[in-house]
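Numbering of the sequence shown is given in this note's numbering, commencing with residue 1 and proceeding in unit increments.
Hints in this document: simulated from the structure, not taken from any laboratory. None of the values given here were measured: they were computed from a predicted structure. Careful: at least some of the hints might be erroneous.
No farther apart than 20 Å at their CA atoms in a straight line, the calculated lysine to aspartate or glutamate pairs in the EDC-like style are these [stated by the list, open to error]: (1) K420 x D192; (2) K202 x D192; (3) K155 x E140; (4) K280 x E173; (5) K419 x D369; (6) K202 x D249; (7) K253 x D266; (8) K280 x E140.
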Amino acid sequence: MNERFAQYRDKLAQYWNRFSVRQKILFFSTLFIIIIIIVAATMQLTKTEYEVAFQDLDSTDAAGVINYLESAGISYRLSPDGQSISVPSADAARAKVDIGSQGIVQDGSIGYKIFDQSSSMIGATDNEFNVKYNNALNGEVEQLLRRMQGVKDAKVLVNLPKETVFATQDDQEKASASVVLSFKPGFRPSQDNIDGYFNLVKTAVPNLPINNITITNNETELMPTAKGGQAGFSSQVEENFALQKKFEDEVKKNVKAFLSTLTGPDKVDVLVFSKLNFDKETRKEDRVEPVDAENMQGIVISSQIISNTYSGQGSTDGGVAGTGAGDVQGYPTSANSGNTSSEESSETKNFEVNRITRDIIASPYTVKDLTINVAVEPPNGQTTLDQTTSAAIQNILVNIVRASLADSGVVYTDADLNKKVSVYSQPFGTQAAADASQGLATWMIWAIAAAALLVGAGVGYIIYRRRRNNAEEEEEEVPLQVPTEFPSINLESVTNESQVRKQLESLAKKKPEEFVNLLRTWLADEQR
């Protein structure tokens, strides 16, 4: 067993001695790197992955979360600032659900859940109840504001007035609220967002007008639209400019695409200026119009004619009282007798007219003014554009401007429209300028290519010379082969034939190449 082990050890040693020092170093380096990779992969696969489950916590909420995790046996990691808690990824979802269902995280706010907690056995006093109610109301409003877009944190202080039975509802003192908001990084509230904050606080607190609400952030006080807030004014202006630019680009693209069919591609340049009306108008019209416009009459819906005739016989006092000779003033002096008759007639008609009520909402974004300037490059061999083509382009542009200004509310004549359109012809530049705008000249490209080829050839020659010199130096450094020294066996001193045989067998096993060389030497000596 020991001899076999020694043979294996000798073979392994012979095999290892066949490698050079460089190969041995490379083998150990590779083995070391493989071991490091295996260890790192094992550590990476077996380590616990943590993810942030709770962040932006105050000290109270963080303490509550830690107590729950410790009681549930869930490992955790607390951030250096104490505001974030990480848990294993496998337990993150369950921890969020459990802590959320128990209401542990309150974001530093006390809501109406405080009334679920039992106080003293005999109940709470009025002062204690009022304090708890105010704190709960502040907490509920804070929680609502944190759910609004862009709000990172909120602090609310509501002042509720004391009710009195000696004042009417209008004479009651109004509530007031002070709010401090912290927004997320990069968020800028628009006027709609600000109005939403004010409306939320107004509806959450009873008997609270908007004028009694103050909302501030780290920079300035926020103002609602009812108090002249214009936080969205700048954004509205930017939107209007963007719409105007889009309209001009659309007109420019359409005009250029159409005129390119007449003059050819890349021979037309268009410049457009416009003025849009962004006012939105809302008005109501109540109009009354006759049904028969010619006679200015309506429809007869009812008609009534009354006619009375009277006739009779008797005496009536006539003349003027107290005007005759010997008459007494104020009394009739004589009486006449005869037949009397009278007639009375009346007619009443009721007409109905057209009553028209219109609620008109005028759409914004109407074109108030439009100007189109077109530059056309004349055909090859011409310096100016012919009159026919120029007139055709002029008519096309006038029609476009007329159609665009149809809803402007102003009547433009053909002369006015021609002033808003201009067409002129001019060469865009020489061929050299065109080549310069498109890229490098041809001769410059060939010069660069030739220079690159020369540089590549020079670099290749230098590399070839360097490799050739290195090869020559290696040949010079190769040591001369040392003549082979063959082992000698003193046959005269060896008397036993068996000993000579053992020595030859041992030499053949350990050094077969030297043994062969020895035999060749003996054969050469015998032939001599």
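Hints versus structure:
1. Between K420 and D192 the alpha-carbon distance is near 40 Å, which puts this suggested pair outside the 20 Å criterion.
2. A threshold of 20 Å between alpha carbons decides the hint, and for K202 with D192 the separation of about 15 Å falls inside it, so the pair holds.
3. With a C-alpha separation of about 11 Å, the suggested pair K155 and E140 falls inside the 20 Å cut-off, and the hint holds.
4. Among the hinted pairs, K280 with E173 is inconsistent with the structure: their alpha-carbon atoms are about 39 Å apart, more than 20 Å.
5. As the CA atoms of K419 and D369 are separated by approximately 12 Å, the hinted pair is consistent with the 20 Å bound.
6. The straight-line distance between the Cα atoms of K202 and D249 is roughly 45 Å, outside the 20 Å bound, and the hint therefore fails.
7. Between K253 and D266 the CA atoms are separated by roughly 13 Å; this keeps the pair inside 20 Å, and the hint holds.
8. Annotation: proposed proximity of K280 to E140 is violated, straight-line Cα distance about 39 Å (limit 20 Å).
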